[in-house]
Amino acid sequence: MHTIISKSGIIARFLENGAELISLKNHSGKEYIWEGNPKFWGKHSPVLFPIVGTLKNDSYLYNNQQYHLSRHGFARDREFSVLSKSENSIVFSLTDSDETLNVYPFHFELQVEYTLNENSLKTRYRVINKNDFEMPFSLGAHPAFALSENFEDYSLKFETNQELAYHLLDKDLISDQTSTLHLTDKTLTLGYKLFENDALVFKSVPAKKITILENGKPRIKVGFSDFPDLGIWTKVGAPFLCIEPWFGYSDSAASNGNLIEKGGIQILNPKKTFEAAFSIEIF
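For what it's worth, the working numbering labels the leading residue of the sequence shown as 1, then goes sequentially.
Worth double-checking, as some hints may not be accurate.
DSS-like cross-link-like pairs, simulated, lysine-lysine; straight-line CA separation at most 25 Å [stated by the list, open to error]:
#: 1; residue 1: K193; residue 2: K171
#: 2; residue 1: K157; residue 2: K85
#: 3; residue 1: K30; residue 2: K56
#: 4; residue 1: K208; residue 2: K186
#: 5; residue 1: K43; residue 2: K56
#: 6; residue 1: K43; residue 2: K25
#: 7; residue 1: K7; residue 2: K186
#: 8; residue 1: K209; residue 2: K157
#: 9; residue 1: K186; residue 2: K171
#: 10; residue 1: K171; residue 2: K157
#: 11; residue 1: K171; residue 2: K56
#: 12; residue 1: K209; residue 2: K30
#: 13; residue 1: K7; residue 2: K272
#: 14; residue 1: K56; residue 2: K85
#: 15; residue 1: K271; residue 2: K221
#: 16; residue 1: K221; residue 2: K203
#: 17; residue 1: K7; residue 2: K217
#: 18; residue 1: K171; residue 2: K203
#: 19; residue 1: K203; residue 2: K193
#: 20; residue 1: K235; residue 2: K171
#: 21; residue 1: K25; residue 2: K122
#: 22; residue 1: K7; residue 2: K30
#: 23; residue 1: K39; residue 2: K25
#: 24; residue 1: K203; residue 2: K217
#: 25; residue 1: K157; residue 2: K30
#: 26; residue 1: K43; residue 2: K171
#: 27; residue 1: K208; residue 2: K235
#: 28; residue 1: K30; residue 2: K221
#: 29; residue 1: K208; residue 2: K122
#: 30; residue 1: K209; residue 2: K193
#: 31; residue 1: K272; residue 2: K122
#: 32; residue 1: K157; residue 2: K122
Estimated spans, in silico, between C-beta atoms of each pair [stated by the list, open to error]:
#: 33; residue 1: N102; residue 2: S6; range: 35 to 43 Å
#: 34; residue 1: P218; residue 2: K122; range: 12 to 20 Å
#: 35; residue 1: G29; residue 2: N63; range: 23 to 31 Å
#: 36; residue 1: L61; residue 2: K186; range: 25 to 33 Å
#: 37; residue 1: K217; residue 2: D98; range: 30 to 38 Å
#: 38; residue 1: S179; residue 2: G263; range: 33 to 41 Å
#: 39; residue 1: G29; residue 2: D132; range: 21 to 29 Å
Don't read these hints as lab results, they were simulated from the structure.
Being a predicted model, the structure only gives us computed values, none of them experimental.
The C-beta atom is built at its ideal place from N, Cα and C for all residues, glycine as well.
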């Protein structure tokens with residue numbers, strides 16, 4: 001089922017399944033979100049919870065019991081309810097069920113709030129721990145932005161010229177291999193060669209705003225000051241780019257599987273609420 005919000009001619013469209021943003025158009029009808037063509041990747045902007053990335057052997061240990069979770073967790077494939085809606089804002093909610101408890105033994109509520117403000121869409125996440133004990137989780141965004149020109153016509157502009165170290169993935173797990181983005185005038189020219197080994201994963205990334213430039217002109221700015229980690233990804237040959245603010249990332253091959261000790265994991269105290277937000281500004 002599709003739901004629409006709008007503001008000043010900007011229209012955003014969502015699926016209740018996964019609380020997923022599937023379209024963001026400006027007043028002239030220009031689309032900024034990837035269409036989800038399964039030839040390349042059949043998603044648009046999935047919500048990643050309660051893990052980000054891939055677990056070693058698709059499993060983890062909690063209280064000496066093994067559980068299985070597939071890549072990026074289950075939220076993106078679950079039906080959310082609509083808590084509230086106005087002309088320019090909507091709040092989706094997902095709570096635990098017998099199915100989720102089988103793979104993630106915690107009582108929780110995940111809220112995803114979208115708000116349109118002039119030329120930007122703000123996404124706010126709330127994770128509510130309903131348990132009487134600590135709840136480990138990861139959380140991430142995965143928006144894919146449509147690129148209508150040749151991929152090489154695009155570049156990324158960062159806030160500074162600071163070199164950015166990133167980890168490479170090996171069979172979906174974080175590898176020991178790192179590389180560095182070298183910027184010129186705060187800018188990185190895009191090319192598919194960057195993504196031949198899958199996504200670029202940044203732990204504790206210092207950059208908190210990234211602008212996608214099309215032939216040198218700003219088209220999309222992603223601001224994620226609340227988020228410590230970041231993924232940048234596309235499939236070679238695909239006309240989209242994902243800029244993904246994260247709390248957490250994939251396991252490494254050396255992971256011991258203990259969820260509490262997982263790299264990038266967040267620990268939420270009993271009966272407490274976690275909040276984080278990021279924004280997509282369109283030009």
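Taking the hints in turn, this is what the structure says about them:
With a CA separation close to 18 Å, the supplied pair K193 and K171 stays within the 25 Å bound. Distance hint between K157 and K85 is unfulfilled; the C-alpha atoms sit about 34 Å from each other, more than 25 Å. With a CA separation close to 40 Å, the supplied pair K30 and K56 exceeds the 25 Å bound. With a C-alpha separation of about 13 Å, the suggested pair K208 and K186 falls inside the 25 Å cut-off, and the hint holds.
About 23 Å separates the Cα atoms of K43 and K56, which keeps this hinted pair within 25 Å; it holds. Between K43 and K25 the CA atoms are separated by roughly 17 Å; this keeps the pair inside 25 Å, and the hint holds. Between K7 and K186 the alpha-carbon distance is near 32 Å, which puts this suggested pair outside the 25 Å criterion. For a cut-off of 25 Å, the pair hint linking K209 to K157 stands: about 8 Å separates their Cα positions.
Distance check on the hinted pair: K186 and K171 sit about 31 Å apart at the alpha-carbon level, beyond 25 Å; violated. A C-alpha spacing of about 29 Å is found between K171 and K157, which places the hinted pair above 25 Å, so the restraint is violated. For the proposed pair K171 and K56, the alpha carbon gap of about 10 Å is at most 25 Å, so the pair holds. For the suggested pair K209 and K30, the alpha carbons sit about 22 Å apart, so the restraint of at most 25 Å is met.
Between K7 and K272, the direct Cα distance comes to roughly 32 Å. Violation of the 25 Å bound is thereby established for this hinted pair. With a C-alpha separation of about 39 Å, the suggested pairing of K56 with K85 is violated against the 25 Å cut-off. Annotation: proposed proximity of K271 to K221 is violated, straight-line Cα distance about 34 Å (limit 25 Å). At most 25 Å may separate the alpha-carbon atoms for a hinted pair to count; K221 and K203 meet this at roughly 20 Å.
For a cut-off of 25 Å, the pair hint linking K7 to K217 stands: about 24 Å separates their Cα positions. Proposed proximity of K171 and K203 is supported: the alpha carbons are some 18 Å apart, at most 25 Å. Using a Cα cut-off of 25 Å, the hinted pair K203 and K193 holds, with the two alpha carbons roughly 21 Å apart. A hinted pair counts as satisfied when its Cα atoms are at most 25 Å apart, and K235 with K171 qualifies at roughly 15 Å.
The suggested pairing of K25 with K122 holds, with an alpha-carbon distance near 14 Å, which does not exceed 25 Å. A hinted pair counts as satisfied when its Cα atoms are at most 25 Å apart, and K7 with K30 qualifies at roughly 15 Å. Distance restraint check for K39 and K25: the Cα-Cα separation of roughly 23 Å lies within the 25 Å cut-off, and the hinted pair is therefore satisfied. Distance restraint check for K203 and K217: the Cα-Cα separation of roughly 28 Å exceeds the 25 Å cut-off, and the hinted pair is therefore not satisfied.
Distance restraint check for K157 and K30: the Cα-Cα separation of roughly 21 Å lies within the 25 Å cut-off, and the hinted pair is therefore satisfied. Restraint check: the Cα-Cα separation between K43 and K171 comes to about 20 Å, which is no more than 25 Å; the hinted pair holds. Distance check on the hinted pair: K208 and K235 sit about 23 Å apart at the alpha-carbon level, within 25 Å; holds. Between K30 and K221 the alpha-carbon distance is near 15 Å, which keeps this suggested pair within the 25 Å criterion.
Proposed proximity of K208 and K122 is supported: the alpha carbons are some 15 Å apart, at most 25 Å. Simply put, K209 and K193 have alpha-carbon atoms about 23 Å apart, close enough for the 25 Å limit, and the pair holds. Between the alpha carbons of K272 and K122 the distance comes to roughly 23 Å, so the proposed pair stays at or under 25 Å and holds. Distance restraint check for K157 and K122: the Cα-Cα separation of roughly 20 Å lies within the 25 Å cut-off, and the hinted pair is therefore satisfied.
Checking the proposed 35 to 43 Å range against N102 and S6 shows it holds: the Cβ atoms sit about 39 Å from each other. Here the CB-CB span from P218 to K122 is close to 18 Å, well matched to the stated 12 to 20 Å. Checked against the hint of 23 to 31 Å, the C-beta distance between G29 and N63 comes to roughly 52 Å, which is inconsistent with it. Checked against the given bound of 25 to 33 Å, the beta carbons of L61 and K186, roughly 43 Å apart, lie outside it.
Judged by the Cβ atoms, the range 30 to 38 Å given for K217 and D98 is violated: they are separated by roughly 51 Å. Checked against the hint of 33 to 41 Å, the C-beta distance between S179 and G263 comes to roughly 19 Å, which is inconsistent with it. Roughly 50 Å separates the CB atoms of G29 and D132, a value that falls outside the hinted 21 to 29 Å.
Taken one by one, the earlier hints fail for this structure at numbers 2, 3, 7, 9, 10, 13, 14, 15, 24, 35, 36, 37, 38, 39, listed in ascending order.
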